[in-house]
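Visitor: The residues making up each chain are set out below.
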Amino acid sequence: MNRLIKSLGWLLIPAVFSACSVDPDLSPAPLPEEKIEFVIPQGFPQPVYNFTGNPLTTDGFKLGRKLFHDPLLSRDNSTSCESCHQQFASFAHLDHPVSHGIDNQFGTRNSPSLFNLIWHPSFMWDGGINHIEVQPIAPITNPIEMDESLGNVINKLRNHPQYPALFKKAFGSDSITTQLMLRAFAQFMGMMNSYRSKYDKYIRGEAELTLQENSGLNIFRAKCESCHKEPLFSDFSFRNNGLDDVFPSDSGRAHITSLPEDIGKFKVPSLRNVSVSRPYMHDGRLQTLSQCIDHYRFHVKPSPTLDPLLVNGITLSESEKQDLLQFLNTLTDYEFINDPRFKPN
Amino acid sequence: MKKNILYILSILIIPAIVITGCKKKEKDDDHNHSDLTGTNAMRMEFTHKVGAQLLALTTGNYTNANGDQYTVSRFRYYLSNFRFRKTDGTYYTVPSDVNTDFGYFLIDEDNAASKNISIPNIPAGDYDAVEFLIGIDSLRNTSGAQTGTLDPANGMFWSWNSGYIFMMFEGNSPQSTAASNALIFHAGGFKEPSNNIKKVTLTFNGSKAMVRNNISPEIHFIVDVSEIFSNPNTINFATLNTAHMPMACMPIAENYADMIRVDHVHND
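Residue numbers (the working numbering), protein chains in the order written: chain A, 1 to 345; chain B, 1 to 268.
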């Protein structure tokens with residue numbers, strides 16, 4: 001009951017605010033999606049990317065949103081970013097172990113969920129991309145994702161009935177350039193932030209966890225936290241968590257550094273929204289969170305680069321596993337996966 | 001500690017300024033004053049050769065130091081971070097601004113205009129050497145979306161391992177064991193231990209580039225493609241024909257560090 005009142009409160013508070021902003025002449029209140037503003041969520045660290053040199057505006061954000069949902073950016077106008085990054089799956093590709101792109105081709109890696117990207121020091125499972133602004137170049141030009149050249153994309157945008165005006169609105173510039181397109185993407189993706197899960201509300205003293213969830217949090221802090229670090233649920237380091245003992249097809253971080261000590265290491269993924277973004281791991285090999293936990297309990301494989309924290313696996317009783325699963329569910333941010341600001345329009 | 005350094009520096013610098021200040025006056029007195037004020041552009045022309053021959057894309061047949069034959073279909077490279085040395089040993093550093101591509105040049109054998117570059121606003125003076133990078137400094141490799149010569153759409157950017165390709169050589173060799181006997185060398189990488197940015201320092205062989213109000217000197221460079229495959233590493237196309245990762249490109253980058261030389265300077 002108490003909870004119901006609290007959650008009603010959550011719905012009402014914004015209502016009160018928007019009520020205040022209604023003009024006496026009864027002009028319609030601005031939709032909440034019109035207000036694009038970045039505030040560091042309480043308890044979060046400073047982001048790596050803070051829109052320096054690319055000032056965030058509502059028009060820039062909306063342009064980025066349109067680009068993100070537009071299959072025009074692919075060679076045959078078939079595939080958009082959203083094809084592999086679906087909002088209801090926290091912008092992962094639900095039930096697709098590896099990416100499924102243009103011409104029905106399959107990649108080798110799982111589409112990760114996308115949120116809190118401005119806190120990432122690097123992108124991709126191997127961390128090969130060093131800046132949020134240059135990230136979209138990879139999927140656009142990848143022959144098995146969208147297979148289009150940047151030059152062609154820019155030409156299509158320049159000759160489009162709407163984009164020239166939208167770029168002008170967002171950046172005040174008559175010319176559409178790669179740089180402006182990438183900055184619009186960064187404005188949109190930089191605002192796709194998840195910080196309103198039950199866990200977050202618990203941390204802010206706005207919600208309570210059940211006994212089981214609370215026990216799961218304590219287990220998490222004892223056994224998982226060293227890599228999946230709060231509040232982002234990743235320390236963004238590269239580690240081998242023992243999925244394999246040889247890495248013939250995907251050497252992970254070593255693909256970027258060519259260093260033997262990086263073979264088999266992948267970027268620690270955030271566990272926010274993990275209950276809606278199956279399947280799991282860099283190649284999508286695990287279907288359920290229960291299998292993920294059992295991986296750490298029973299299936300960690302030794303290899304020279306296995307993380308030292310995992311040489312003996314992670315010991316968890318069946319009831320501890322259940323508590324941990326309950327806790328992981330509290331990381332789902334329903335306001336994020338339903339946020340109307342991220343939907344195509 | 002910091003304070004100490006500042007103190008020592010100021011002891012060293014203040015008299016230096018005063019002394020050079022005085023010297024400058026003397027100099028100004030015995031030179032035509034108008035000569036050494038104002039600015040002008042430093043122009044640079046790059047001629048691409050393979051040994052003694054002029055580079056001819058696709059039609060020219062060449063032989064590397066290992067005795068392997070090859071043709072060239074693409075040859076491009078970035079130059080940046082120019083500094084010009086005056087005869088008094090001081091340097092003029094070409095400024096850069098992260099919002100523009102000023103001072104960053106993409107030279108492409110297939111684009112004649114790109115082989116003549118010009119840097120404006122060089123203070124009048126006598127210059128006897130130039131310093132620059134073959135490649136792009138690490139700051140620009142990590143600063144997000146760039147424009148102009150640094151636009152990733154120019155095809156000199158690695159999307160999967162962020163950073164610029166500093167030197168792109170493509171061609172063919174009957175000795176290459178790659179598909180279609182291809183030679184593909186895309187060299188980049190700005191991070192240790194595979195940092196392929198190469199700093200080049202070249203004197204003007206005793207001549208001077210005299211920047212004046214009314215003189216915009218031109219430095220004429222020769223870029224020798226054959227150097228990419230020799231000195232210090234003799235490249236055997238049967239064993240090294242494709243490299244597009246920072247570490248794999250290191251022998252190529254060690255070689256291209258000295259592919260550019262100054263031929264002559266005009267002052268007109």
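In case anyone wonders, no lab produced these hints; they're calculated from the structure. It cannot be assumed that every hint is accurate.
Unchecked claim - Chain B residues, not near chain A, derived (Cβ > 10 Å throughout): (1) Gly38; (2) Ala129; (3) Gln146.
Unchecked claim - DEER-style ranges, computed between Cβ atoms: (4) B:Val98 x A:Lys168: 19 to 25 Å; (5) A:Asp76 x B:Val98: 33 to 39 Å; (6) A:Pro302 x B:Thr203: 42 to 48 Å; (7) B:Pro123 x A:Gly43: 48 to 54 Å; (8) A:Asn312 x B:Glu131: 51 to 57 Å; (9) B:Ala56 x A:Lys169: 26 to 32 Å.
Stated by the list, open to error - Some, not all, of what chain B presents toward chain A, calculated at C-beta under 7 Å: (10) Ala56; (11) Pro123; (12) Pro152.
This structure is a prediction, so every number in the text was calculated from the model and none was measured. Even for Gly, the Cβ is constructed at its ideal location relative to N, Cα and C.
Visitor: All the hints need checking, so say for each whether the structure fits it.
Guide: Going through the hints against the structure:
1. Gly38: holds, 33 Å
2. Ala129: For Ala129 (chain B), whose nearest Cβ neighbour in chain A is about 34 Å away, the distance exceeds 10 Å, so it holds.
3. Gln146: violated, 6 Å
4. B:Val98 x A:Lys168: 19 to 25 Å: Since the Cβ atoms of Val98 (chain B) and Lys168 (chain A) sit about 24 Å apart, the hinted range of 19 to 25 Å holds.
5. A:Asp76 x B:Val98: 33 to 39 Å: At 36 Å between Cβs, range holds.
6. A:Pro302 x B:Thr203: 42 to 48 Å: Since Pro302 (chain A) and Thr203 (chain B) have Cβ atoms about 58 Å apart, the given range 42 to 48 Å is violated.
7. B:Pro123 x A:Gly43: 48 to 54 Å: Check passed, 52 Å falls within 48 to 54 Å.
8. A:Asn312 x B:Glu131: 51 to 57 Å: Because 55 Å falls inside the window, the suggested range holds.
9. B:Ala56 x A:Lys169: 26 to 32 Å: violated, 49 Å
10. Ala56: With a minimum Cβ separation of about 26 Å from chain A (threshold 7 Å), the hint on Ala56 (chain B) is violated.
11. Pro123: Where the cut-off is 7 Å and the nearest Cβ of chain A is about 29 Å from Pro123 (chain B), the hint is violated.
12. Pro152: Constraint on Pro152 (chain B) satisfied, holds at 5 Å.
Of the numbered hints stated above, those contradicted by the structure are hints 3, 6, 9, 10, 11, listed in ascending order.
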